[in-house]
Amino acid sequence: MADGPITRRVLLARLGAAAGVAGVGAQAAIVVRSFVPNVSYDPPSTVKVGLPESFADGLTFLAERRVFIARDGRSFRALSAACTHLGCTVRAEAVERPDASDPSGRRQAQVYEFSCPCHGSRYAADGSNLSGPAPRPLPAYRLTLSPDDGQLVADLGDEVARSAVLTLP
Amino acid sequence: MTPRNRFWSVFPASSREATDAVVANLLLHWFPARMRVTSLAWTPSLWLGTISWVLFVLLLLTGLPLMVFYVPSTRDAYQSVKDIEHVVSYGWWLRAAHRVAAHLMVIVVTLHAGRVFLTGSYRNDADREQHREWNWVIGVALLAATVLLSFTGYLLPWDQLAYWAVTVSMNIVGSAPVLGAPLRELLLGGRDVGQAALMRFYLLHIVVLPIAVAALFGYHMWRIRKDGGLARAGTAGQAALVVDAIPAVIARAAVVTLGTWLAVTVLAMAIPSPLEQPANPLVTPNPAKAPWYFVWLQEIVADTTVRLGPVSINGALVGGLLLPAVLLAVTTLWPWLDRSPTSTVGVWLPAARRRQLVVFAAIVALVVGLTVVGLLRGPSWQFHWPWQAWPELPARW
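Chains as they are written, first to last, in my numbering: chain X, 1 to 169; chain U, 1 to 397.
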């Protein structure tokens, strides 16, 4: 680079080079931006899952949305089936565990737990992570009742506390 | 005009004329005009770089006809691969040859990197102006591109293996702080694994990565030439036995090429290509295993979730991103960290590099050990010895 005053020729050459770099850079940015989708074809996060009475007591797996609906009498909860480690679909399993209501601790009760087939994470029935690499509990989603047809509505974009239940009158 | 003259016009009468012919010819110029006899031998390089290139060319040649039949859509991909396997004449062989060559390329490129490390060939001769360290960096990029090529190909059949491999790998990407989630969305073209993701991985596999490998390989070869061929300890002033590269190197390269081709041909007939059930987002296979070259990483990802009181750091970030990133960075920068004497350049397992070699052996043993443990995992990621039957899965609700 020459010392001394910048001549018109050098200035124009630099401006030209800068314009070239800016042009190529802007076009590269345009290409990268085009890869980011503006319209999502993913399914909506709010979904009607069915009338409350259509669910049996216990767990129902809604395969197409990867969510469990747990019913206990008139109370309902929605729990994600996607493992919080790497997103594999967990399975509900019936297992024998010591019955908490038995002071001797000898009686066994059948409860369900969730296990992940990918890396062996286990979750309790309420979704809390028990063992394995899962860093967080399974998320619980907001359940409401649709005012128009009385179906349960799960909002898979709205995470709520695991203790939150929808209790119907 | 004799038949010989119809296809060839230069018949050198002397070594000088042969050299001129090579320099003047684009194709022959690929090789140097003259080579040391020691560079043609098997032991310094094991010819692993050449084998890698031959495998890459075989992958291009088998990939082209596969592209005629493969349909990159989540609806049709599985059926089109099934057609290649069972309907297209010799489609099974084309797919098997492509798959075998891909696996061999991962193995051979890895061995090539190991050879260059073990002989310290990323280091410069004491008495010459060279930049072999940059060629090592290009080599590391080529190794990464090879693994990515293999992995993106693994996804194309859109079977259960493919779907869950994309899901898990993209969640590993998404576990990175700040940039992870947007990068995951950019690669998938959405939040869910679907059509947009398949198309993006397909284009990475057939266009972006092959062009990257071809370009990097061209530069890799050019740098070897500029740096004076195979690395060896300073030989200034020593007489070396030099021969005309053509036909000596052509003959040796032909043996390597034909041997590689034969191996792929025979292995493709012996090893059938698997095709699992069609991709099903609702059911994760149990166990769900990564491809064999990622099993050691999968094992780390499953074991490195860190809990500090109420805070949990996902193993995906620790084992899936941070550890591999550190390993890759140290590997890339190793030529600048290696302070061993230049007399060890090009020498197999020199005593002066004992400490480095022990650490290298320990890392290799760890990776192999983790791979073996990962391969022996059964349902729900439980460990089982090969002679132990996998348990029946408990009742499902």
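Hint data in this document are derived by calculation from the structure and do not stem from the laboratory. Hints may contain errors.
Claimed, not checked - Restraint-style ranges between C-beta atoms, simulated for each label pair: (1) L183/U to A17/X: 48 to 56 Å; (2) A124/X to V207/U: 46 to 54 Å; (3) G218/U to L12/X: 49 to 57 Å.
Said to hold, decoys possible - One-sided excerpt, in silico: chain X residues whose CB lies under 8 Å from chain U: (4) F55; (5) G87; (6) G120; (7) A124; (8) P135.
It should be emphasised that the depicted structure is a prediction, and the values quoted were computed from it without experimental measurement. Glycine included, C-beta positions come from ideal geometry on N, C-alpha and C.
Taking the hints in turn, this is what the structure says about them:
A C-beta distance of roughly 31 Å is found between L183/U and A17/X, which places it outside the suggested range of 48 to 56 Å. About 47 Å separates the C-beta atoms of A124/X and V207/U, a value consistent with the hinted range of 46 to 54 Å. Under the hint 49 to 57 Å, the C-beta atoms of G218/U and L12/X, about 35 Å apart, miss the expected range. With a least beta-carbon distance of about 13 Å to chain U, the hint placing F55/X at the interface is violated under the 8 Å criterion.
Using the Cβ-Cβ criterion of 8 Å, the hint placing G87/X at the interface with chain U is satisfied: the shortest such distance is roughly 4 Å. Look at G120/X: its Cβ gets to within about 3 Å of chain U, closer than 8 Å, so that hint holds up. Nearest Cβ of chain U to the Cβ of A124/X: about 14 Å, over the 8 Å cut. The hint is violated. Evaluation of the P135/X hint against chain U yields a held restraint, the C-beta minimum of about 4 Å falling below 8 Å.
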